[in-house]
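S.K.: Sequences listed follow chains A and C, in order.
With the first letter of the first sequence counted as 1, position 169 gets the number 169 in UniProt numbering; the numbers rise by one all the way through.
With the first letter of the second sequence counted as 1, position 152 gets the number 152 in UniProt numbering; the numbers rise by one all the way through.
Among the hints, a few may not be true.
A pair counts as met if it fits within one copy or between any two copies, since identical chains are not told apart.
[Claimed, not checked] Derived BS3-like pairs: lysine-lysine, alpha-carbon spacing no greater than 30 Å straight-line:
{"#": "1", "residue 1": "K200", "residue 2": "K240"}
{"#": "2", "residue 1": "K260", "residue 2": "K277"}
{"#": "3", "residue 1": "K240", "residue 2": "K260"}
{"#": "4", "residue 1": "K240", "residue 2": "K277"}
{"#": "5", "residue 1": "K94", "residue 2": "K260"}
{"#": "6", "residue 1": "K83", "residue 2": "K94"}
{"#": "7", "residue 1": "K242", "residue 2": "K277"}
None of these hints come from the bench; they were simulated from the model.
Number of protein chains: 2
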Amino acid sequence: MNSVPQTTLTQMLAARYGAAAAGADDLNDTLATLLGHRSVRTYTDAPVPDGTLELLVAAAQSASSSSNLQAWSVVAVTDPARKLRLAHLVGDQKHVEDCPLFLVWIADLARLRSLGLRRGMPHASLDHLEMFLVATIDAALAAQNAAVAAESLDLGVVYIGGIRDRPEEVAAELNLPPNTFGVFGMCIGYPDALRPASVKPRLPQAAVLFREQYDATTLETATDSYNAVMAQFYQTQGMKPKGEWDQHSLQRVRGPEAMKGRDRLVEVLNRMGFALK
Amino acid sequence: MNSVPQTTLTQMLAARYGAAAAGADDLNDTLATLLGHRSVRTYTDAPVPDGTLELLVAAAQSASSSSNLQAWSVVAVTDPARKLRLAHLVGDQKHVEDCPLFLVWIADLARLRSLGLRRGMPHASLDHLEMFLVATIDAALAAQNAAVAAESLDLGVVYIGGIRDRPEEVAAELNLPPNTFGVFGMCIGYPDALRPASVKPRLPQAAVLFREQYDATTLETATDSYNAVMAQFYQTQGMKPKGEWDQHSLQRVRGPEAMKGRDRLVEVLNRMGFALK
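Could you put together the complete structure from these sequences and hints?
M.R.: Have a look at this one:
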């Protein structure tokens, strides 16, 4: 059922941090699934079996939801023509076309607005940034549960942030009503064993985990260490990124010209019915 | 290792939707953990064992991250005096005081800003709503992995959205730098078996899962059905909510007066260094 190699926890942590890591060997199947995640962008031709989508959504709905408002939805796309159009809208990402199942995760305030209109009850909070955040976080928690569930069933996944490049065209394609927004996409399919994906190392815990209070002084040492780990990772992958990890990360956030239209997100969201007060 | 009752998938889905649900019985441990989630607010006195926090954070770091920017951090609080102060800041939630481990999940653009200053490289995208969303989503995916990991180790968790009630006071308590924001908290501890939490039913899948395109016509029937399921759930729990599920959900979003300060989130975030352009 679960194809994560039954290696030891110590080995899995070493892959995740690119360095030897101590750890008691109390690995269970769930931890193995979580720690073994890698983004999968190439798939076999096998479809996602009947019933699996419903199971992934049950896992998604089992995630926490702020005040049980359940302010999210998901659109499942399998139609090849629609996947092709969506692949184009997210910046010509071939894996969106290739995957047998493409999910678009929706921050959904339309449902509460409709219910408010039906009951004749006020719902002015929906016009605030806070409720847009609630919907976005609800969608993210749900999606991550679905991703973990998929991986536990030997499927591979990759998140597609490019769904935010052209939100209004995505909305038109998916018939999304006002007050809904595609937060990200997710490709799902069985990994092509001929082109296996690798576990990507992450920052040392010293950079992200703090005790009692935030401590910015760990950043420089942790970054230098991580740059070295990532340089080695890129080499083993045959990748040649421009500069070290922090340099090409900074290229990614250098300014509006690098944001593929997402620099106008506030204006776009306003048009889509989110006042973001 | 994993104390989720080894029941059948059909039984777990029935609990999640408050109704009989068909489903192949291919339940694995990871699915059992995901589907068995319930929010836990009462804990035994047992501390979270040494090494477990690091394991939860390794699981968190294994979640997908937009462009591998890893724009999140987490502050782990165990000091009783600090937990007491935080419990007050989130609206006097006793479980924040009671839990042995309280995590505050941080949308963190300070790290990229610091790295930009160190490299002398521009980083103007950080001033856009899009990058605030990236950081928030990164934090949410990471947190959900940690929650699932915790539950696989027999711990119970509950998310604390109240961390957004008074963001600047939370930032002062945790020494958070500008360009960081506590997205939500998370209580972690061993569940008190004397006060077990129940699996909460969710909306029928017809209301949240759509094929190819969004379909708003399912909402009324699904809501009426869910209102009935929840009425029965409240009764079994001895709870007496004001009205049906949609009615008290709408009470929650009725307007700024019900938002506990979160109606001013834009202004607060601006002061905390997020321009949200």
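S.K.: Are any of the numbered hints broken by this structure? If so, which, sorted upward?
M.R.: 4
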